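Keeping the supplied structure of chain A fixed, place chains B and C upon it in accordance with the hints.
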Amino acid sequence: MRIRLNPRTSQKIAKVVIWSAAILVLFVLFSIIIYILSKGIPNITWQFLTQIPSDMGRSGGILSPIVGTLSVTLVAVIVATPLGVGTAFYLTEYTRESTITKIIRFSAESLAGIPSIVYGLFGFIFFVIYLKLGWSILSGGLTLAVMILPTIIRTSEEAIRTVPPMYREVSFSLGGTKWQTMLKVLGPSALPGISTGIILGIGRCVAETAAVILTAGSALRMPISIFSPARTMAVHFYILAREGISLERAYGTAALLIILILLINIGANLLVNKFVAKGH
Amino acid sequence: MKKFGEKIPQSLFFIMALSALSALALITVFIFVEGIPLIAKVGLFNFIFGMKWAPSLGQYGIFPMIVGTVVVTLGAIILGVPIALCCSIFLAEFAPKKLSNLVRPAIQLLAGIPSVVFGFWGLIFIVPAIRNYLGGPGLSILAGSIILAIMILPTIISISEVSLISVSPLLKEGAFALGATHWQTIRSVLVPAAKSGILASIILGIGRAVGETMAVIMVLGNAVALPSSILDPARTLTTNIGIEMGYASGEHQQALFATGIVLLVIIMILNSIAQYAIRRK
Amino acid sequence: MENIKEQDKISIKNLNFYYGKTEVLKDLSLLVKANEILSIFGPANSGTTTLLRTMNRMTELVPGSRIGGEIFLDGHNIHSANVNISELRRKVGMVFEVPAPLPMSIFNNIAYGPRLSGIKNRATLEEIVEKSLQMSVLWDEVKDRLHTSGMSLSGGQQQRLCIARILALNPEVILLDRPCSGLDPVSTSKIEESLRQLKEKITIIIVPHNVQQAGRVADRVAFLLMGNLVEVGITAEVFENPKDKRTSDYITGRFG
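Residue numbers (the numbering used here), protein chains in the order written: chain A, 0 to 279; chain B, 8 to 288; chain C, 879 to 1134.
Okay, chain A solo, but in the shape it has when bound (with noise of 0.2 Å):
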């Protein structure tokens, strides 16, 4: 049975809709960020932030999660940064569109598209058994490295385009050579951009759990160098959350990731508003 809409009353009745879903998913949104950062923030206290956890994280700090979150992610930066970028160049300074930049894109897309479980199979299995770097921070980062390259890839190629093409034949017309002209014009122009890549991969390797706890492993104790064990602020989290060891230290946790993502956030939008205010 079809109803016959006035088109202004299906048009009123279709803002409605669209209106609501904008709303719920804000609302959803919101909710979500407000409850956790009420919950948790009051627990966000100096010794929190200082001490190890003792008793299982029943009581004490989240001083290791928070030196285990920083370390993979570096780690995983470090080793991303260069090959994602030096990738990015590769594809748009040294080949036309060929069957080798076809499958290294094609390379590129399925790594996007792998779940971080399968990353930590794969890290486990390669770096902690194969390579035996054991539980580490060292195979924590690597696996998470492999997980935001392709974001890396992504944005750097996107910021390297955009760069004019101008600017590389006035380059190469004063005697540039190819290196020359991405080390002095290229890059610099197209930083903002790959630097954007850099943060939404950093923010993917602070949110991420299946893949490290795999890793890294879920060690309390302070790490001591890159082959130690240790746990992130997200897999501890997840450990007190599920098996309901501390309640206040869980929401504290989840509180300093959100506000950790949300300065990852801020600080990616501002690059962007740079990059794009810089005038193409």
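Keep in mind the hints are simulated off the structure, nothing from the lab. Since the model is a prediction, treat every value here as computed from it, not as a measurement. C-beta atoms are modelled at their ideal positions from N, C-alpha and C, and glycine is treated no differently. There may be inaccurate statements among the hints.
Cβ-Cβ distance ranges computed for the label pairs, FRET-style [to be verified]:
| hint | chain 1 | residue 1 | chain 2 | residue 2 | range |
| --- | --- | --- | --- | --- | --- |
| 1 | C | Ser1027 | B | Leu19 | 28 to 34 Å |
| 2 | B | Ser175 | A | Lys101 | 23 to 29 Å |
| 3 | C | Asn955 | A | Gly266 | 53 to 59 Å |
Lysine-lysine pairs mimicking DSSO-like chemistry, simulated, CA-CA at most 27 Å apart [claimed, not checked]:
| hint | chain 1 | residue 1 | chain 2 | residue 2 |
| --- | --- | --- | --- | --- |
| 4 | C | Lys998 | A | Lys177 |
| 5 | C | Lys969 | A | Lys177 |
| 6 | C | Lys1079 | C | Lys1121 |
| 7 | B | Lys14 | C | Lys1009 |
| 8 | C | Lys1009 | C | Lys1077 |
| 9 | C | Lys969 | A | Lys183 |
| 10 | A | Lys101 | A | Lys177 |
| 11 | A | Lys177 | B | Lys14 |
| 12 | B | Lys48 | A | Lys101 |
| 13 | C | Lys1009 | A | Lys183 |
| 14 | C | Lys904 | C | Lys1079 |
| 15 | A | Lys183 | B | Lys14 |
| 16 | B | Lys59 | B | Lys48 |
One-sided excerpt, in silico: chain A residues whose CB lies under 8 Å from chain B [stated by the list, open to error]:
| hint | residue |
| --- | --- |
| 17 | Lys14 |
| 18 | Ala20 |
| 19 | Ala21 |
| 20 | Leu23 |
| 21 | Val27 |
| 22 | Pro81 |
| 23 | Ser106 |
| 24 | Ala107 |
| 25 | Ile124 |
| 26 | Phe125 |
| 27 | Ala233 |
Below, chains B and C alone, put in the same frame as chain A:
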């Protein structure tokens, strides 16, 4: 010599560019090498269609988990796609610029929230709500679908919005010139024109839902049996791995890798469908 | 080496150029004398820009292009294996149609080329920057804001900046591709004036944006039509007594 100086950067960049390919190859090889022996032992048919998952008894049938994955994902799509589409239309067509510049980062923020936080929130709010108003333990497929729907919103919204915006303004103007209302234009011209991008975003959303682990673990319950309604608890392929990997060893562990193989294959198929859909433009 | 007269700066012999399957330049032979201003003109798509770009091997940046024939600079084949392309491009500089300052300060724009070739000393660079800006008649206008962005200049100033950029490398030849298109008459005449001064030390080849400009600045002109070199000669002679009917048709505006 100068020529020599140029060859080195080129080779260096080429090697870097191979990193993505090498990583993909390594992942595929290692997961398959670990998992295939078990599939060979149990038999592919028994593995995929076996109804019983009982590692301690040497039984490795993942069909309940496949059903779990399919149903939870389906639910997420049914709940999430309409809302996501409305939101993308909102951003592309209805929101004034200042508002869309606020809403868009908000959606990105939604995308950045750790999955464990989503799961936890679902555990605190969604699960009890289901238990109280709809029955069952609350830890259920429905809870999983709801959480996943929320989680895939940003993926679908951002890509669909881009597709809608890239539709040629001439098409819109043509429709208006014929007297169509805004909504009629959207429905009959804009959305069909952006069809392939929207479809691609949905398939990407499906991929995301299929691959999600942590959020789902927390709200889906832990039942290994075949679910009979959306209020039943269940396991998905991902949660199966996530829950048991912590203590699995030997054959059991291999079975989890075999589950990983199945996941990889599903994702590959989804990606190919997405590529095909995009190319049909 | 064939008969290359002492005063020929650039000698082009039987040059063919292809973009993919299209033959853009057809068996072209041309001599450019040292310290002259030669203007290569012709209707759109005749290959004037391409011809210019072969002279500093900028055409090699386009994939799928093929070149035949020979080009000599001071008697040396620019395509021979021991030629350093970067060096070549510093000797044979290029000014593009659209002014293209790099996204840097005025100072760094001009210092860019010298820095690439290895000059690091700050005092030397400052000297080079000042000298180049004076030669391109821009110094007075920018001397107090050398560290502001090059993009903040007007169109005419940007183009003179681009000329200064090349001058900083001490070129022997400058190639200019419609440098004044889109510029106002005052900027245009400033640039044309600086070219007349520069030709004492530098050989200049210019593709003008209209025939009148060729008449104003060039010592000799070359008329290119559909990739063929139709006629070459002293400006006044070619304009008043063209030997080829096609030349006179074009100059009098019958086509193009």
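Hints versus structure:
| no. | hint | in the structure |
| --- | --- | --- |
| 1 | Ser1027/C <-> Leu19/B: 28 to 34 Å | holds (32 Å) |
| 2 | Ser175/B <-> Lys101/A: 23 to 29 Å | holds (28 Å) |
| 3 | Asn955/C <-> Gly266/A: 53 to 59 Å | holds (54 Å) |
| 4 | Lys998/C <-> Lys177/A | holds (20 Å) |
| 5 | Lys969/C <-> Lys177/A | holds (18 Å) |
| 6 | Lys1079/C <-> Lys1121/C | violated (31 Å) |
| 7 | Lys14/B <-> Lys1009/C | violated (36 Å) |
| 8 | Lys1009/C <-> Lys1077/C | holds (16 Å) |
| 9 | Lys969/C <-> Lys183/A | holds (21 Å) |
| 10 | Lys101/A <-> Lys177/A | holds (22 Å) |
| 11 | Lys177/A <-> Lys14/B | holds (10 Å) |
| 12 | Lys48/B <-> Lys101/A | violated (37 Å) |
| 13 | Lys1009/C <-> Lys183/A | holds (24 Å) |
| 14 | Lys904/C <-> Lys1079/C | violated (31 Å) |
| 15 | Lys183/A <-> Lys14/B | holds (18 Å) |
| 16 | Lys59/B <-> Lys48/B | holds (16 Å) |
| 17 | Lys14 | holds (7 Å) |
| 18 | Ala20 | holds (3 Å) |
| 19 | Ala21 | holds (4 Å) |
| 20 | Leu23 | holds (7 Å) |
| 21 | Val27 | holds (6 Å) |
| 22 | Pro81 | holds (7 Å) |
| 23 | Ser106 | holds (4 Å) |
| 24 | Ala107 | holds (4 Å) |
| 25 | Ile124 | holds (5 Å) |
| 26 | Phe125 | holds (5 Å) |
| 27 | Ala233 | holds (5 Å) |
Hints 6, 7, 12, 14, counting from the list given before, are not met by this structure.
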